[in-house]
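If you read the sequences in order, they're chains Z and X.
So the first sequence is numbered by the numbering used here: it starts at 65 and just counts up by one.
So the second sequence is numbered by the numbering used here: it starts at 5 and just counts up by one.
If you are wondering where the hints come from, they were derived from the structure by calculation, not from laboratory data.
Heads up, the beta-carbon is just placed ideally off N, CA and C, and yes, glycines get one too.
Do not rely on the hints blindly, as some may be mistaken.
Here are the in silico distance ranges between beta carbons for each label pair [claimed, not checked]: (1) X:ARG39 / Z:SER104: 47 to 53 Å; (2) Z:THR119 / X:TYR38: 32 to 38 Å; (3) X:PRO59 / Z:THR96: 32 to 38 Å; (4) X:PRO37 / Z:THR109: 32 to 38 Å; (5) Z:GLY89 / X:ALA18: 53 to 59 Å; (6) Z:ALA137 / X:ARG39: 40 to 46 Å; (7) X:PRO9 / Z:SER118: 20 to 26 Å; (8) Z:THR108 / X:GLU6: 24 to 30 Å; (9) Z:ALA137 / X:ALA18: 26 to 32 Å; (10) Z:ILE86 / X:GLY16: 47 to 53 Å; (11) Z:GLY126 / X:GLY16: 36 to 42 Å.
Sample of chain Z residues lacking proximity to chain X, with all beta carbon distances greater than 10 Å (derived) [claimed, not checked]: (12) GLY70; (13) GLN80; (14) ALA82; (15) SER93; (16) PRO97; (17) THR113; (18) ASP114; (19) GLY143; (20) LYS175; (21) GLY199.
The lines below spell out each chain.
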Amino acid sequence: MSGTSGLSSGANGVAQLALAAINGGTALSITTPLKVLFLSAVRTTNNGTDTEWSTGSGYTAGTGFSGLTFAAATTGTTGASQLSNVAAQITNAPAGTWAGCIVKDSAGTPKELWYAPVSPSKTVNSGDTVSVPSGQFSTNLG
Amino acid sequence: MELVPLICDGCGAADDHPKLHYGADTYHHDCIPYRVLQDLTTVGTFVDGRYVETPGVAMSEEAAETVARLVDIVDVCKGGLKGDDLRAYITGEA
């Protein structure tokens, strides 16, 4: 994953919730498992909109890949970072365009966490396997 | 359904056989490099450019189910199922 990416803000984003929690407000609650949703169009701003793949073949809209996990956080001079430690993949993908992914939690109204584009976007044929390599969700604050 | 020929970054062939999209890379299921298959099937991370499994950490149940399906596809592809036959096996439209 590369290109413009970030922490989602806006109606269902967590950026403002994280800020509030850090600054002594309401604790931020994230419901696992984390889900990776695959997109045919990716937002260009943190509070923008995406277009998710439709349900079809081996893909279920709103669920995508369920079970994303992260390795322990590390710290450095520019802040803290955390890398995903499993590949997020869809077997038997529907035909279309893979432009990026967004990570959401499993709350009733899912919270939008991180988003990132695939650059350049890729054409996917029906039956292909689509995978975000382990470590490619490289998240950081600082 | 129109299939688009895609280039395999393993063997270099351009065809419409089912492939793996591994980030920016693309492979036939029987052309997946060892390091990539290891990444796809284990819990771990890259340390200084080397893939290192994380000891004692189990993959989530949901992720393990997906891995099992992928390994099955790789196995049947290595067993000789290619092209439309492989796609029919994957999609269940045989």
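Quick rundown of the hints versus the structure:
1. X:ARG39 / Z:SER104: 47 to 53 Å: violated, 29 Å
2. Z:THR119 / X:TYR38: 32 to 38 Å: holds, 34 Å
3. X:PRO59 / Z:THR96: 32 to 38 Å: Given a distance of about 22 Å, which is not inside 32 to 38 Å, the answer is violated.
4. X:PRO37 / Z:THR109: 32 to 38 Å: For X:PRO37 and Z:THR109 the Cβ distance comes to about 36 Å; the hint holds.
5. Z:GLY89 / X:ALA18: 53 to 59 Å: Distance hint for Z:GLY89, X:ALA18 holds at roughly 54 Å.
6. Z:ALA137 / X:ARG39: 40 to 46 Å: Check failed, 25 Å falls outside 40 to 46 Å.
7. X:PRO9 / Z:SER118: 20 to 26 Å: holds, 24 Å
8. Z:THR108 / X:GLU6: 24 to 30 Å: Holds - the Cβ-Cβ distance for Z:THR108 and X:GLU6, about 29 Å, lies within 24 to 30 Å.
9. Z:ALA137 / X:ALA18: 26 to 32 Å: violated, 42 Å
10. Z:ILE86 / X:GLY16: 47 to 53 Å: holds, 50 Å
11. Z:GLY126 / X:GLY16: 36 to 42 Å: holds, 37 Å
12. GLY70: Consistent with the label, Z:GLY70 stays out of reach of chain X, its closest Cβ about 19 Å off (over 10 Å).
13. GLN80: Given a closest Cβ separation of 28 Å, the condition holds.
14. ALA82: It holds; Z:ALA82 is separated from chain X by about 23 Å at its closest Cβ, greater than 10 Å.
15. SER93: holds, 19 Å
16. PRO97: Nearest chain X Cβ is 6 Å from Z:PRO97, so the label is violated.
17. THR113: holds, 24 Å
18. ASP114: holds, 18 Å
19. GLY143: holds, 18 Å
20. LYS175: Label holds. Min Cβ-Cβ 18 Å, cutoff 10 Å.
21. GLY199: Non-interface label on Z:GLY199 violated, nearest chain X Cβ at 5 Å vs cutoff 10 Å.
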